[in-house]
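K.L.:
Protein chains in written order, with our numbering: chain A, 1 to 370; chain B, 1 to 370; chain C, 1 to 370; chain D, 1 to 370.
Since the hints were derived computationally from the structure, they do not count as laboratory data.
If you're wondering where the values come from, they're calculated on a predicted model, not measured in any experiment.
Relax, there's no trap hidden among the hints.
Computed list of lysine-lysine pairs in PhoX-like fashion (alpha-carbon distance at most 25 Å, straight line):
no., chain 1, residue 1, chain 2, residue 2
1, A, Lys7, C, Lys360
2, B, Lys7, A, Lys7
3, B, Lys205, B, Lys48
4, D, Lys64, A, Lys64
5, A, Lys50, A, Lys64
6, D, Lys97, A, Lys34
7, D, Lys360, B, Lys7
8, D, Lys369, B, Lys360
Partner residues aside, some chain B positions facing chain A, computed with beta carbon under 10 Å:
no., residue
9, Ser12
10, Thr108
11, Asn206
12, Val223
13, His239
14, Ile247
15, Val277
16, Asp354
All C-beta atoms in this analysis are idealised placements derived from N, C-alpha and C, irrespective of residue type, glycine included.
For reference, the chains in residue letters:
Protein chains: 4
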Amino acid sequence: MSNTIGKNIRISLFGESHGEAIGAMMDGLPSGIKIDMNFLNSMMDRRKAKGNISTQRKEEDQVKLISGVFEGKTTGTPLTILIENKNVQSKDYDSIKDFMRPSHADYTAHEKYYGYQDYRGGGHFSGRLTAPLVAAGAICMQILHDQDIEIGSHILSCQGICDDSFSTDEKVLKKQIENMNQVYFACLNDQAKNQILEKIEEARKNQDSVGGIIESAILNVPVGIGDPTFDSLESVLSHALFSIGAIKGIEFGLGFDFANHTGSEVNDAIRYEEGRVITLSNNNGGINGGISNGMPIILRCAIKPTPSIFQMQQTINIQTKKNVEYSIVGRHDPAIFHRARVVIDSMIAITILDCLIERKGILSFMGEKK
Amino acid sequence: MSNTIGKNIRISLFGESHGEAIGAMMDGLPSGIKIDMNFLNSMMDRRKAKGNISTQRKEEDQVKLISGVFEGKTTGTPLTILIENKNVQSKDYDSIKDFMRPSHADYTAHEKYYGYQDYRGGGHFSGRLTAPLVAAGAICMQILHDQDIEIGSHILSCQGICDDSFSTDEKVLKKQIENMNQVYFACLNDQAKNQILEKIEEARKNQDSVGGIIESAILNVPVGIGDPTFDSLESVLSHALFSIGAIKGIEFGLGFDFANHTGSEVNDAIRYEEGRVITLSNNNGGINGGISNGMPIILRCAIKPTPSIFQMQQTINIQTKKNVEYSIVGRHDPAIFHRARVVIDSMIAITILDCLIERKGILSFMGEKK
Amino acid sequence: MSNTIGKNIRISLFGESHGEAIGAMMDGLPSGIKIDMNFLNSMMDRRKAKGNISTQRKEEDQVKLISGVFEGKTTGTPLTILIENKNVQSKDYDSIKDFMRPSHADYTAHEKYYGYQDYRGGGHFSGRLTAPLVAAGAICMQILHDQDIEIGSHILSCQGICDDSFSTDEKVLKKQIENMNQVYFACLNDQAKNQILEKIEEARKNQDSVGGIIESAILNVPVGIGDPTFDSLESVLSHALFSIGAIKGIEFGLGFDFANHTGSEVNDAIRYEEGRVITLSNNNGGINGGISNGMPIILRCAIKPTPSIFQMQQTINIQTKKNVEYSIVGRHDPAIFHRARVVIDSMIAITILDCLIERKGILSFMGEKK
Amino acid sequence: MSNTIGKNIRISLFGESHGEAIGAMMDGLPSGIKIDMNFLNSMMDRRKAKGNISTQRKEEDQVKLISGVFEGKTTGTPLTILIENKNVQSKDYDSIKDFMRPSHADYTAHEKYYGYQDYRGGGHFSGRLTAPLVAAGAICMQILHDQDIEIGSHILSCQGICDDSFSTDEKVLKKQIENMNQVYFACLNDQAKNQILEKIEEARKNQDSVGGIIESAILNVPVGIGDPTFDSLESVLSHALFSIGAIKGIEFGLGFDFANHTGSEVNDAIRYEEGRVITLSNNNGGINGGISNGMPIILRCAIKPTPSIFQMQQTINIQTKKNVEYSIVGRHDPAIFHRARVVIDSMIAITILDCLIERKGILSFMGEKK
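Assemble the whole structure, with the sequences as input and the hints as a guide.
P.N.:
Right, dumping it as structure tokens:
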């Protein structure tokens with residue numbers, strides 16, 4: 001219904017994979033925030049295609065902030081992120097535009113837009129559109145860091161290979177998040193990491209692709225964030241995260257495993273400890289009744305295998321109205337979950353900042369009054 | 001952030017478990033829709049507590065439509081649903097208001113509202129608030145039926161007992177949905193049904209509770225519903241469904257199982273068949289790129305065990321600031337997933353109608369012009 | 001598009017003139033606010049029909065708060081205002097439902113809702129719907145009083161008779177506002193008051209009606225409230241005020257008279273005075289670039305004559321599709337601007353509170369933490 | 001609260017007067033609309049500064065559509081308008097940034113953004129930001145033309161000089177609108193035009209400025225557009241129009257003059273005429289109960305004199321905290337109402353298209369299905 005998300009911090013997204021530029025507009029930012037371009041670029045870097053396990057379309061993705069920043073700081077008026085499309089090979093797409101790629105948005109977009117969508121490289125549905133989201137997320141993340149809020153994710157599983165889960169000890173968890181935010185391919189356990197990399201390499205060789213699960217943690221969200229019923233913290237986080245094309249499942253805390261347990265096994269006992277209210281376990285993933293309880297927020301996202309595979313597939317030609325067999329050409333990733341991780345972190349950062357401003361008011365986040 | 005959901009159809013929710021009344025306001029309805037109170041009450045009935053497996057607080061839940069209906073038909077102006085609270089035993093709660101029930105919203109609500117929330121029976125966070133949602137859902141469902149859209153759910157699993165999955169054959173699925181919408185405790189497989197009922201009974205005897213998974217299907221949603229990025233169909237459905245207090249996980253199509261598969265295994269081949277575009281498998285659960293593709297929409301919700309159990313639990317007294325041991329009294333359900341099923345159906349109906357009006361315009365849904 | 005207004009404080013309105021009840025839902029209120037029912041009822045009283053100059057339908061308008069209040073204080077969850085319709089004479093309307101009353105919403109509502117609207121007494125378009133708005137406004141006003149913000153209005157003109165304008169001296173203005181908020185028929189100048197009352201009485205005798213202009217002032221709005229461009233303070237105030245059916249013009253500061261002046265005559269000189277920034281004149285009515293400047297906000301609303309007059313009028317019968325002559329029967333006001341005044345104050349209070357929460361955050365408005 | 005306006009068609013605005021670029025994002029457009037760049041540029045041309053009566057900053061204002069258009073037609077995904085700032089003389093502003101220009105947004109922006117706003121040339125508050133609004137308006141206008149809806153405005157008065165009012169005869173009015181849309185300085189009466197031009201020239205010579213009133217008409221809006229109460233057509237139009245910085249008053253139909261009339265004088269008699277429902281007079285300006293009645297919508301906007309005058313003025317230095325005398329330098333307009341006219345038309349077009357999509361659904365506006 002809208003290409004804008006958020007209530008207090010609003011992010012709008014625009015552009016097509018092979019258009020002139022892609023970008024995002026951020027509205028509602030506090031003023032006086034010094035933009036740390038190094039940090040922003042480090043997040044952009046973790047989203048980039050790298051090595052064999054990614055598409056060979058390597059984009060420079062140079063982020064320009066064309067409004068809303070003055071003398072290096074946010075002005076409080078809309079901040080526009082622009083990324084020009086440079087490494088574009090649009091003629092690749094001329095001959096294949098009528099073939100609806102299975103499990104892609106080609107067919108649904110064609111029907112929705114009556115055939116007028118920009119079909120080149122997935123157009124507005126391309127994974128490239130997540131680049132400005134990461135830039136926007138980085139700016140939100142920076143503001144959250146000033147509030148001691150930390151966000152991080154790792155690859156939990158792929159093809160039956162499981163990484164360790166995030167620690168239930170907050171101090172260890174904090175360290176794990178820091179580590180994950182330093183690396184490109186984020187696993188807690190090195191053996192699992194290597195095995196998952198092998199699975200991706202195997203998929204690449206087979207002209208195939210693989211999916212995976214990303215586990216995310218959010219530290220130090222104060223108690224009382226989120227709303228009952230329609231804007232529960234689970235509601236707003238899942239709304240934001242399901243924006244990411246390949247995500248097909250989201251769970252909080254124990255999630256689907258709750259179905260295998262009794263209340264007495266999984267209820268989180270509440271205790272005063274060192275002058276603070278905590279729960280002894282965290283099966284609810286830091287959220288009760290839609291509202292944060294001060295414990296780490298834990299969630300997991302299921303990411304489907306990249307639909308672009310080079311094997312022969314059955315589909316239709318939308319112009320000739322015929323069933324066809326068809327093999328995708330071009331430059332594609334055998335896996336995207338390792339790159340999607342930083343997009344997940346970004347959507348979480350955008351959402352949590354939005355909720356935090358809702359609760360604390362924008363003045364709590366602004367730079368010192370001149 | 002808001003007790004209202006929806007863009008074209010907007011539902012607002014109000015009331016507390018032990019207040020004078022609970023209710024919902026529906027805004028944006030087409031005019032001239034004859035309200036079928038029998039159908040509405042049949043859905044209300046499926047949400048009710050019944051038998052041993054439910055709370056002994058049996059509410060009449062008589063739905064009154066106090067605005068927006070004239071001569072039995074919608075006027076097009078806001079329709080207000082009111083349900084008076086009758087079977088209220090508020091003094092039950094006086095002695096226990098300072099004990100924060102584990103895995104409930106007591107503590108988070110106390111912090112969010114600075115202690116001013118109505119604590120009796122969970123107040124605004126009570127499961128009772130889902131009653132007006134079901135009434136609202138029934139009205140939306142009725143409008144969807146006129147568009148040939150069918151929605152239904154069943155209990156997929158509990159404590160390791162698994163019901164059959166919904167059929168991948170659309171005709172069979174249609175029949176299954178019809179059947180599920182006739183029964184109170186909805187399983188496709190009778191043996192699974194009895195075993196799950198035993199698990200609930202066992203939990204009840206143990207002063208415990210159990211969680212479960214609900215599988216839902218939506219039939220005949222036209223192609224092109226939903227939006228790229230921020231308002232993907234997964235985004236808006238999950239936003240609505242995570243409004244339901246006990247839901248902690250949502251997945252579409254293969255969901256979390258995508259992590260175990262390769263693209264070549266799970267991509268949905270596209271075909272023309274009988275003059276219509278279909279996919280040979282439906283691993284994406286009817287949604288590509290956030291937009292419906294015409295296949296059945298399939299989703300699953302994980303519901304945690306009712307946190308109200310009668311065993312002794314560890315928690316805090318928020319007034320004395322002490323750790324305490326505490327046993328919940330009152331009237332509670334050992335399982336709620338079987339009742340939550342119709343709330344899920346209702347939130348789906350509300351969301352799909354909203355999306356459908358977005359696409360087709362409200363005039364397509366109105367009664368004949370007088 | 002929506003029967004809800006506001007971003008942080010959201011007011012939804014429901015009901016019909018001859019339905020069971022009318023009401024409003026308030027969402028986003030801070031918790032712990034003690035509701036002053038005496039103050040609320042005093043505002044309701046100023047909206048009531050009184051004496052010869054008003055309709056003879058005298059409604060008790062007893063306000064019930066059926067949710068969102070616990071132990072006399074706001075809970076922070078939705079507060080629902082309900083007013084039952086008691087003095088209803090619905091059979092009055094049976095014979096006349098097909099006659100579209102000139103300058104009323106009868107014809108436009110009939111076309112919009114395809115004839116399904118509740119036509120009795122104007123249905124959802126009735127001026128009665130402003131009663132719950134005043135109750136909602138009173139609650140917002142009470143919160144604003146705690147922030148030292150004062151709102152008041154008077155009848156500036158009717159039929160060429162002009163009351164004095166509000167004083168440009170803030171201390172005098174404060175006193176004037178206090179006075180106006182004590183009286184039913186609000187003029188600053190007694191002679192003007194009597195002459196305007198005569199004009200209304202004359203209209204009543206002539207089976208006619210009169211319009212007027214209401215001038216409003218808002219004191220002590222802090223600097224920095226409102227946004228550039230689309231949510232300028234003028235935009236959000238006018239949006240709210242044009243919700244009131246009879247209002248057909250709104251101006252801020254000099255308003256339409258700006259067209260007769262030069263910049264050098266009307267620019268407001270800025271000065272430091274007693275440690276505070278003020279403007280020497282206030283031609284901009286307290287708003288620059290859409291944002292409050294700390295001076296009193298001054299605005300005027302033009303209210304058209306009540307369209308219900310008892311003289312013979314030309315109109316159509318929507319069923320027979322014929323031109324007819326027709327004389328309205330029933331109970332109607334020869335003037336409503338004196339009653340509309342408190343509705344204006346209410347819509348202003350709702351809007352200013354919304355903007356204030358946007359700026360300062362909801363925590364600034366909540367009761368002391370328990 | 002937001003730099004976005006609209007529900008179905010959403011326009012977001014970004015940029016600063018002396019930043020890299022200004023622009024707008026349009027979301028919710030129907031797909032398959034051929035963009036007529038000649039028409040768009042003709043509207044841009046009418047907004048431009050021309051001759052002596054305008055600022056000497058002459059901007060090329062070349063509109064680039066960097067997303068949402070493919071092969072010359074709208075794709076249905078966000079359309080981004082970008083206008084680079086070229087004729088920028090930013091060093092003009094270094095020495096004067098601490099002087100708060102009277103009746104400008106300098107002081108309010110400084111307080112709102114804590115001093116971090118881009119102060120150069122008014123930054124985000126500059127009238128330059130209306131350029132992308134006109135481009136967006138032109139695209140909406142083009143879609144409205146396909147629905148036979150016509151929008152036009154003229155200068156009604158300035159300094160006591162009055163142009164003729166728009167005709168009450170719809171055919172004549174249609175011709176007048178066509179004429180006004182062909183000219184740069186829009187008056188119906190040539191004598192009035194010359195006299196107003198003289199007033200502007202006189203103001204320029206006096207280092208002063210003048211304000212004026214713009215009258216607008218909207219033809220062929222179907223019956224039933226707009227909503228009761230909070231989104232009345234007056235509410236949404238005034239919200240959009242008060243976005244334009246210099247507008248300080250808006251009235252519909254008779255507007256403020258309603259206060260001088262009785263109901264019997266101004267009620268609009270309703271008649272069937274040539275198979276259509278019309279009103280014999282149009283004192284309500286085409287809107288009853290917030291909903292269009294099929295008659296021309298007539299409204300007037302009051303525009304204050306440009307606050308930038310070259311005479312010595314009293315103000316403050318926000319850094320030194322001193323009262324100062326100060327004379328504005330730079331390039332400024334002695335009048336802007338003639339240029340604001342096309343911005344008014346644009347905001348009307350954006351708003352009416354939004355309302356029309358709300359009513360008729362987006363599919364009614366899309367190009368032929370491919």
